[in-house]
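Residues per chain, in single letters:
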Amino acid sequence: MPTGRLAVWWLIASEIVIFGGVLGAYLMHRLGHPEWANQSMHTSTWKGALNTFILLTSSLSAVLAHNAASRGDGKRAAKLLWATIGGGAAFLVVKSFEWTAEIKAGYTISSNTFWSFYYTAAGIHGLHVIAGMIVMMFVAADAAKGKELQRVENAGLYWHFVDLVWIFLFPLLYIAK
Amino acid sequence: MIDQYVESASTYAGDIDNVILLILAIVGFWFLLAQAVFFGLIFKFKARPNVKAQYVSGEKPHEKRWVALPHYATLVFDVLIIVMAIKVWHEVKINLPEANSTVRVIAQQWAWTFVHPGPDNKLDTADDITTVDELHVELNKTYHFELTSRDVLHSFSVPVFRLKQDAIPGRIIKGWFKPTQTGQFDIQCTEICGIGHGIMPARIVIETEAAHRLWNQANAPKLADAAPTTPPTSAGGMP
Amino acid sequence: MSTAAHADHGHDHAHAHHEPGFVEKYLWSTDHKMIAMQYLFTGMAMALVGGFTVYAFRMQLAFPGMSVPGYGRVTATDYNALVTTHGSVMIFWVAMPVLIAALGNYLIPLMIGCDDMVFPRLNRLSYQLFLISAIILVASFYVPGGAFGGAWTSYPPLSAKAEYSLTGLGSSMWLFAVALEFAAFLLGGINFVTTVMNSRAPGMKMFDVPIVVWMIIIASILFMASVGPLIAGAIMLMFDQQLGTGFFDPAKGGDPVLWQHLFWFFGHPEVYVVLLPAMGIVAEIITVFSRKKLFAYKTVLYTAIGTGVLSFFVWAHHQFIAGIDPRMANVFSVTTLLISIPVAEMVFVYIGTLYGGSIRLTTPMLWALAFIAEFLLGGVTGIFLGASGADIYFHDTYFVVAHFHYTFFPIAFIGSFAAITYWFPKMFGKMMNETWGKVHFWGTIIPFNFIFIPLFLLGIRGDHRRIYDYRHFPDLMKAGMQDLRILATISLLVLLAFQVVFLVNFFVSLFRGPKAPMNPWNANTLEWQAPSPPPHGNFPQGLPNVYRGPYEYSHPDRKDDYWPQTEPASEPAKT
Ligand code: HEA
Ligand code: HEA
Ligand code: CUA
Ligand SMILES: [Cu+2]
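Chains as they are written, first to last, in this note's numbering: chain V, 25 to 201; chain E, 11 to 249; chain U, 19 to 593.
Fair warning: there could be bad hints in the mix.
[Claimed, not checked] Straight-line distance between alpha carbons at most 25 Å, and here's what the computed SDA-like set of lysine to any residue pairs gives:
| id | chain 1 | residue 1 | chain 2 | residue 2 |
| --- | --- | --- | --- | --- |
| 1 | U | Lys496 | E | Gln14 |
| 2 | U | Lys270 | V | Gly56 |
| 3 | E | Lys54 | U | Asp578 |
| 4 | U | Lys179 | E | Ile209 |
| 5 | E | Lys184 | U | Lys270 |
| 6 | U | Lys270 | V | Pro58 |
| 7 | U | Lys179 | V | Gly56 |
| 8 | U | Lys270 | V | Tyr131 |
| 9 | E | Lys74 | U | Phe225 |
| 10 | U | Lys577 | E | Ser67 |
| 11 | U | Lys179 | V | His53 |
| 12 | U | Lys270 | E | Asp161 |
| 13 | E | Lys184 | U | Met346 |
| 14 | E | Lys70 | U | Asp343 |
| 15 | E | Lys188 | U | Asp343 |
| 16 | U | Lys496 | E | Ile209 |
| 17 | E | Lys56 | U | Lys456 |
| 18 | E | Lys184 | U | Ala269 |
| 19 | U | Lys179 | V | Ile127 |
Read the hints as simulated data drawn from the structure, not as lab findings.
In isolation and in its complexed conformation, chain V is listed as follows (with noise of 0.2 Å):
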């Protein structure tokens, strides 16, 4: 396996142990105390609901962008990374609204450990999509002069990990009421 590639699937894993950590942490909590419930009902199902929907689609863009690499094609390969950051982008400002409105409703992180589960798992969650945002601007602009486009797929990985970590905190934070 390419080294670039090998190192990503690595650096995957050690995170998948990170996350893991965090949701098992909650999914203990939960068990435990099935009055969260109460304070779940005010997530806001829909805007996590349209954030997974987004990313998703940004997702289905790495795809394409890696596709277009492989054929060699750096502009179109550029373009569809681009796309992708844009998804990021979008995931981060439905983001801020939600917790905007959540924190004036005077849920916040320190109001119930539902919420500091809340906050900050999501949080990290967050962290990583900026990382993975900026990760792309590199390589696509490299990739638009036709540079390191083997890049492209690496990136991509790393989003769908980002993606699929959004996944499981989707049902966990938002649908289980």
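Chain V is fixed; fit chains E and U with the ligands onto it per the hints.
The following block gives chains E and U with the ligands in isolation, referenced to the frame of chain V:
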């Protein structure tokens, strides 16, 4: 072995000492054997001029046997140790025998509060005796304790009983002991609990029935001026 | 973690063709050997910090209330901070950097026959994060309230609230430093694993890789697979400290025991993370100096993997009496005792390797043998603790302290000394002095036992941990007990004094030692086919080819009692 140094003052102290002795015998034997073989080989095979080392891959069955045999032996001895250890564990930590009396132990930074049931032998009545850093119990009576903490983790350790249990804020942990010898001994806090962790000693006083009755009478609050003690708060923790 | 940004720069790393300046050469280098040296020297400097703290608090234990020369009076606050810092530093800033980062960085490319790590810049970043973490930790001593004193296990609620620990800033700095150190080692681990998977010399098959490289790789994977939950836990604890969340606060619906699970889920594998590299070092040295093939190479590998896998299922043996469901203790007692089997097997294999050898008691060999002898005692005393019934008494006594020092000291110091004395000629191109090496050896091993045997006895007699003054406990001031404490402290002073011998020998040899040949020990592995010290790029005569496993010593078909991995098979046997 332990009782040579630390008195043994509960019904299960001897059982714990025996497990320790058994482990000492087993691993002591293996430890000495391994060291003997090890040093023996070093002396036997010290480099000598013109003697070449042997070429042994260790992959052939008759060579592997030398590792496989001790391997199985270790397994057998492990099983023996586990069985003994778990038996004692059940006795001390899982089975709760019927109690003659119950005391409440409350840890906080950096003191112990003990709530004794008083002359009526019931907790949460007006004649409860609350003491700080001194626990009074009666010889040959089975006690339950209800352990909790007001702030951080502490640990309730009575070495002469071979008893130890962490105290967790927000939770009440139950356990038991039955003293078998009179005297005064250390109670230690064995979980780091901040700056005063080193100055959180208490004493346990094990008395005969008569002495304990006297102590009860002398210390029970006069019913008239004593307000009923409230049980410690028990906020919801994880089970 | 935006590391993916750097992740791919690796292969475009071109060798600098201009003369590098001082900064570029020593401080900003991407050469794996220079980064290894940075880790080694930082680790040694931190060993002095770990040694100084233990000196201060052991003096207090032996002579309570005295003003310790070079430190002053050790108050209760100081004591806790010193113990906490000592434990954290020794594990995270000495054992890990020296055994894994320094040796891994130095040996992996040389032993698998490539010119550098696959991601040299990632490597440099990892060291820099590590250095920053060390600085933060040391700096925490000088902030208001002082350094964190809640033990290296940092159990909440004590660690979560400044009103409990009274070291608000110190706690946060400790936590941040540890988390940063983890990040550094995660990056380093990814680099190691990728390098070994993709950059082995042509011809080097799985089972031709030297055991020490395997061990470092298994340790890195073990670290990666176990540290995640604790990183998550560290974030949660940081929020508890800084934002007032209640993850570990029962009053807010949190659970303090959760931290213990997250910590020990990492903490137990962590002890094998440091054990395995040391075991690997010992394997290299005993084969070379007994001129023997390693007894059952594959068995060593499988037991290491077995230990690694099992180590994920034993963590709660640290929490038997911490308030977990007592029935859970049964499960963990069983798994804990089972882990003795692979570890024992590894030890037996090493002992078996000596059989039929031609043993030369050089300084590195003495260290390697001492490792086995001393580690055995540490290992078997673990059995007392793994047996749940016995642990009720031993938990948090000095018996535990002595148990883990009989494992950690052999690993962190005996293992490092073995490695340093063995690879010194390669690292610095100079030979170390044997006589002084042996003086240092005996001057370390003998006092070491005189420190920790008394601590076993004290543990049996009931001394519990992290107590700054035993005079508060009448039962712990019985006849002879203070004498044992004093004996341990005096032995420590002797041990520390002999470390001066090591440091002097180290630096004098470094500058004045006789020049080392390429392969002074007649060893087989690839690093000995590079010049001493290897230049940038490692193998000036071209990257090597590998023809056989690393331990073909005293092969019956050969006159030489060694057979380098690089020597073509076609060459006629010199019988
Ligand atoms: C690298 C360090 C290291 C290593 C290798 C080990 C190895 C082992 N440890 Fe240890 N341990 C620590 C470091 C280490 N430990 C630390 C730091 C702590 C305390 C942390 C703290 O609280 O601060 C600790 C605490 C600790 C506890 C918790 C004690 C308590 O707090 O109450 C337990 C309990 O089970 C335990 C068990 C074991 C076991 C079973 C092994 C096994 O791996 C040992 C296996 C080896 C052998 C058994 C020897 C060889 C075998 C033979 C010669 C054959 C004969 C054997 C039999 C018949 C069984 N350890
Ligand atoms: C790798 C781990 C490691 C090592 C090597 C040591 C080494 C030593 N430790 Fe420590 N110790 C811990 C890990 C370690 N410790 C941990 C985790 C704790 C628990 C902390 C807690 O409770 O939170 C602990 C706690 C602890 C206590 C218990 C304190 C208490 O509970 O109150 C004591 C008591 O005596 C002690 C003593 C010693 C001594 C005398 C040494 C001596 O062996 C030290 C000798 C020092 C040196 C030899 C350094 C100088 C050497 C050089 C500069 C040479 C060059 C260096 C290299 C080549 C690397 N340690
Ligand atoms: Cu209370 Cu330690
Ligand atoms: Cu352990």
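Each hint, compared with the structure:
1. Lys496(U) to Gln14(E): 13 Å, holds
2. Lys270(U) to Gly56(V): 13 Å, holds
3. Lys54(E) to Asp578(U): Given that 25 Å is the threshold and the Cα spacing comes to 22 Å, the pair holds.
4. Lys179(U) to Ile209(E): 21 Å, holds
5. Lys184(E) to Lys270(U): 23 Å, holds
6. Lys270(U) to Pro58(V): Roughly 15 Å separates the two Cα atoms, so the pair holds.
7. Lys179(U) to Gly56(V): 24 Å, holds
8. Lys270(U) to Tyr131(V): This hinted pair holds, its Cα atoms lying about 14 Å apart.
9. Lys74(E) to Phe225(U): Holds, because 18 Å separates the two Cα atoms, which is no more than 25 Å.
10. Lys577(U) to Ser67(E): 18 Å, holds
11. Lys179(U) to His53(V): Roughly 21 Å separates the two Cα atoms, so the pair holds.
12. Lys270(U) to Asp161(E): Distance ~13 Å between Lys270(U) and Asp161(E) Cα, so the pair holds.
13. Lys184(E) to Met346(U): 16 Å, holds
14. Lys70(E) to Asp343(U): Distance of about 46 Å is beyond 25 Å: violated.
15. Lys188(E) to Asp343(U): This hinted pair holds, its Cα atoms lying about 22 Å apart.
16. Lys496(U) to Ile209(E): Roughly 18 Å between the alpha carbons, so the hint for Lys496(U) and Ile209(E) holds.
17. Lys56(E) to Lys456(U): 17 Å, holds
18. Lys184(E) to Ala269(U): Holds, at roughly 20 Å.
19. Lys179(U) to Ile127(V): Since the Cα atoms of Lys179(U) and Ile127(V) sit roughly 24 Å apart, the hinted pair holds (cutoff 25 Å).
When the structure is compared with the earlier hints, a violation turns up for hint 14 alone.
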